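*Asks:* Residue strings, one per chain:
2 protein chains.
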Amino acid sequence: MLKSTNETVLHCYPGLVALVTAKHEGVQNIMAAGWHSYISYDPPIYGVAIAEERFTHHLVEGSKGYAINFVPAEYAHYIERSGKLTGKDGDKFREIGAEWIEGDVVSAPILKDAYVAYECEVIDINTYGDHDWIVGNIRKFHQDKSKFNESGLPDFEKLQLPLYLGRSNYLIADTTTTLKKIDMKK
Amino acid sequence: MLKSTNETVLHCYPGLVALVTAKHEGVQNIMAAGWHSYISYDPPIYGVAIAEERFTHHLVEGSKGYAINFVPAEYAHYIERSGKLTGKDGDKFREIGAEWIEGDVVSAPILKDAYVAYECEVIDINTYGDHDWIVGNIRKFHQDKSKFNESGLPDFEKLQLPLYLGRSNYLIADTTTTLKKIDMKK
Numbered sequence: 001m002l003k004s005t006n007e008t009v010l011h012c013y014p015g016l017v018a019l020v021t022a023k024h025e026g027v028q029n030i031m032a033a034g035w036h037s038y039i040s041y042d043p044p045i046y047g048v049a050i051a052e053e054r055f056t057h058h059l060v061e062g063s064k065g066y067a068i069n070f071v072p073a074e075y076a077h078y079i080e081r082s083g084k085l086t087g088k089d090g091d092k093f094r095e096i097g098a099e100w101i102e103g104d105v106v107s108a109p110i111l112k113d114a115y116v117a118y119e120c121e122v123i124d125i126n127t128y129g130d131h132d133w134i135v136g137n138i139r140k141f142h143q144d145k146s147k148f149n150e151s152g153l154p155d156f157e158k159l160q161l162p163l164y165l166g167r168s169n170y171l172i173a174d175t176t177t178t179l180k181k182i183d184m185k186k
Numbered sequence: 001m002l003k004s005t006n007e008t009v010l011h012c013y014p015g016l017v018a019l020v021t022a023k024h025e026g027v028q029n030i031m032a033a034g035w036h037s038y039i040s041y042d043p044p045i046y047g048v049a050i051a052e053e054r055f056t057h058h059l060v061e062g063s064k065g066y067a068i069n070f071v072p073a074e075y076a077h078y079i080e081r082s083g084k085l086t087g088k089d090g091d092k093f094r095e096i097g098a099e100w101i102e103g104d105v106v107s108a109p110i111l112k113d114a115y116v117a118y119e120c121e122v123i124d125i126n127t128y129g130d131h132d133w134i135v136g137n138i139r140k141f142h143q144d145k146s147k148f149n150e151s152g153l154p155d156f157e158k159l160q161l162p163l164y165l166g167r168s169n170y171l172i173a174d175t176t177t178t179l180k181k182i183d184m185k186k
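Going down the list, the protein sequences come from chains A and B.
Going by my numbering, the final residue of the first sequence carries number 186, and the count climbs one at a time with no gaps.
Going by my numbering, the final residue of the second sequence carries number 186, and the count climbs one at a time with no gaps.
It cannot be assumed that every hint is accurate.
Identical chains blur together in the list; that is why a pair holds if it fits in one copy or across any two.
[As the list claims (entries may be wrong)] Straight-line distance between alpha carbons at most 20 Å, and here's what the computed DMTMM-like set of lysine to aspartate or glutamate pairs gives:
1. Lys-84 - Glu-7
2. Lys-112 - Asp-130
3. Lys-64 - Asp-144
4. Lys-147 - Asp-89
5. Lys-180 - Asp-42
6. Lys-180 - Glu-157
7. Lys-88 - Asp-104
8. Lys-140 - Asp-155
9. Lys-88 - Glu-61
10. Lys-180 - Asp-89
11. Lys-185 - Glu-99
12. Lys-3 - Glu-95
13. Lys-180 - Asp-144
14. Lys-185 - Asp-155
15. Lys-88 - Glu-99
16. Lys-140 - Asp-183
17. Lys-140 - Glu-102
18. Lys-180 - Asp-130
19. Lys-3 - Glu-99
20. Lys-147 - Glu-74
21. Lys-158 - Asp-124
22. Lys-64 - Asp-155
23. Lys-185 - Asp-130
24. Lys-3 - Asp-174
25. Lys-112 - Glu-61
Keep in mind the hints are simulated off the structure, nothing from the lab.
Computed from a predicted model, the values in this text were never measured in an experiment.
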């Protein structure tokens, strides 16, 4: 039974976790962000919530750039490691074991194991409560098209998606996941 | 193989669809929004992308309020109907078949069939590209606690979640979905 309450309900999952990377003055970092969203299709714009105290935050602010990386389920441990280690202690990419390449347009690193990544240039940062909502124009896209079918949907034979549920639990979208076409009928 | 491209890659799914409701001067509407995110935990703040030309947009702007509703898979047809019908033609709630109650704090209707809903008061609206990113303080939460287990995660015996994939396809998170606890090890 639906009941109203003043107790904070944090329902944002299951959903994709964005691995956010940034680089400034030779220093780079990666963090896991659960709160992120597409904002505009044309021009393409992506937003992500990053708390001001995060090490990645000042790299994004300083360089005015960041990348959003999505990894397949087999690399979901990058998400857990990104969440538990801090870039203040050294080269987080090496500790996590994630290989990367330079972005084409933006200095932020792109994960080689990502199936989709966006290079973003910051256009706005607003503080709302305990996070900053960072908005960026997507200047370049990266995609492993071999993992998608002709209609643009993931091919679950080739790509399993880790959907964060909470408390280190993930739903894995794969070929066994219930898939339904839903129309206007009940 | 990950390749860079200038072609827009719209990867934001699978994910929860927010049914956004609003009411202004006696007129109310409901729409389906795929682009939405939590922004702050304390204070609780939620954001959603709504294009300026949407009928719901002026209700949100006028009333300075909206509600975010999440429905179980058995009501996923509300999402499809909300997406395909327009409020400009009359009472969309009746056409969709969705029952609602008045919000406690904000005038926006709350769907009786939702398992979680947030009543939000607008604090900021920014135009980014082809959508407005609307940010609101969550003033009241609604939850059907009977559908969640003690650790706060959904109980898939009681609650199946419709995760929009694209083209009216939904992954349904249920008891058969692969569930993994992922730690720092590969």
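*Asks:* Please flag the earlier hints that this structure goes against, numbers listed from lowest up.
*Replies:* Going through the list in order, the structure violates hints 1, 2, 3, 4, 5, 7, 8, 10, 12, 13, 14, 16, 18, 21, 22, 23, 24 and 25 and respects the others.
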